[in-house]
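Visitor: Taking the hints into account, I'd like the entire structure generated from these sequences.
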Amino acid sequence: MAAPRRAALRNCQTVFYSSCTILHSHRPCTGFQFPPIGGEPVKEVAAMVGWALRRAAQVHVHLARKASGVCRGPEHQALGARPTALEPTGRGAPGAPGGAVELLGKSYARDGYSNLSRKVLSRVGRNLHNRPHHPLWLIKERVKQHFYARYVGRSGTPLFSVYDDLSPVVTTWQNFDSLLVPADHPSRKKGDSYYLNATHMLRAHTSAHQWDLLRAGLDAFLVVGDVYRRDQIDAQHHPVFHQLEGVRLFSRHQLFAGIKDGENLQLFEQSSRSARKQETHTLEATKLVEFDLKQTLTRLMTHLFGDGLDIRWVDCYFPFTHPSFEMEISFHGEWLEILGCGVMEQQLVNSAGAEDQIGWAFGLGLERLAMVLYDIPDIRLFWSEDERFLKQFCVQDINQKVKFQPLSKYPAVINDISFWLPRENYTENDFYDLVRTIGGDLVEKVDLIDKFEHPKTHRTSHCYRVTYRHMERTMSQREVGRVHQAVQEAAVRLLGVEGRF
1 MAAPRRAALR NCQTVFYSSC TILHSHRPCT GFQFPPIGGE PVKEVAAMVG
51 WALRRAAQVH VHLARKASGV CRGPEHQALG ARPTALEPTG RGAPGAPGGA
101 VELLGKSYAR DGYSNLSRKV LSRVGRNLHN RPHHPLWLIK ERVKQHFYAR
151 YVGRSGTPLF SVYDDLSPVV TTWQNFDSLL VPADHPSRKK GDSYYLNATH
201 MLRAHTSAHQ WDLLRAGLDA FLVVGDVYRR DQIDAQHHPV FHQLEGVRLF
251 SRHQLFAGIK DGENLQLFEQ SSRSARKQET HTLEATKLVE FDLKQTLTRL
301 MTHLFGDGLD IRWVDCYFPF THPSFEMEIS FHGEWLEILG CGVMEQQLVN
351 SAGAEDQIGW AFGLGLERLA MVLYDIPDIR LFWSEDERFL KQFCVQDINQ
401 KVKFQPLSKY PAVINDISFW LPRENYTEND FYDLVRTIGG DLVEKVDLID
451 KFEHPKTHRT SHCYRVTYRH MERTMSQREV GRVHQAVQEA AVRLLGVEGR
501 F
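For what it's worth, the UniProt record's numbering labels the leading residue of the sequence shown as 1, then goes sequentially.
Think of the hints as simulated: they come from the structure by calculation, not from any bench. Source: prediction; values computed, not measured. Among the hints, a few may not be true.
[What the hints assert, rightly or not] Dumping the calculated BS3-like pairs for lysine-lysine here, alpha-carbon to alpha-carbon at most 27 Å: (1) Lys391 with Lys401; (2) Lys403 with Lys445; (3) Lys189 with Lys451; (4) Lys445 with Lys409; (5) Lys391 with Lys445; (6) Lys401 with Lys294; (7) Lys287 with Lys260.
Guide: Structure representation (structure tokens):
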């Protein structure tokens, strides 16, 4: 894209999106909510389990082998067969090929890729990071404040524009291909990502918007929003969490301004790729971009955590940056991974129309930062409506230090479940999704505690330990037993396992 046109686009960037002072997020929808628990415990749980069983009976399981596919361009056609997955019901008969998923005012035809559970769909549209005085909102506002104050353009306006209201529904091209994610990368598997169908999905990272924003002519922006990944169940993981993405591009003049003999330096060359740089970048340009990136992120972490913070950088790999790094900070005597970053792949930048620029990108998890900064022990708390949790973050100054005061921790109820796996098409994430769908936020964690292979039949058995804990009251074994029984029955019916209970 020609420089004058890019400058013009930069000046009128609010035309491209509804707001340039917001960061990307969940969108409004009529979510499917799990019935609340309170009042008369046994009656409530009985009603809840009955509802869960009726809902689970509508869930369709696809049992087929997976074949990888290559997506080509924004109007790509995704290829591939169907691994096991749980589908939500939509318009039409449950699991019927002609059914549809209704989400954010749009309808998506279901196919063999559809694997969204109602529990995950119920989270779409919650916008936790845009909810005033929510801990994720506090982190977002502190980051935004820092970038607005620290980085100012020639006209005195903030250099970075901010987007927090971009739809979480993206195409598979946006989520993978635009970012140069290989066709055989594990993140493309249905066991790792949430698909509406073969061509649309819930974004797995905020990086899914990089290409579109670059194509629109932007060269410095932050994007924040909800992201969706199929994962294990414990106090640090949830299928829906929130990321903040940052991108900045530099022209030759911007990067080398103030550098001695900078007028003689170049951004690009044709050489070979090494661990230190890409084949199209000069070493001088790479080192300056890397320096600016690390300086920017060090300043941000100092703003959030205070002076005297120990930071180290670890080399790593991302498909869309090279060289790539993870930032770790020393906190309470241990090293914690905080974010990933790197020099953007020039192929990505070029394809978006910014052939004359070079840049960096980073991404961090808001929950991760909030749990560290505010001492929040359980990721489920971010979804709590308990005023004892929420009121702790109602502060007048967003930079005010907050230390979470734990709520009374009600006792856990632990139940095990073991079963023989089907011969094929079983993934642990399918079981985790089923447990989340039926147990909801009653489930604190699920651990695979035993694997056994029968010496004669060669069948494999798994044993999982499910920890149930209500966030607001004590639950009895009788109550939990009803939920656990619903999990057992659904696992047999929907996943094709053979129960050992």
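Visitor: Just pull the numbers of the violated hints for me, sorted ascending.
Guide: Failing hints: none at all.
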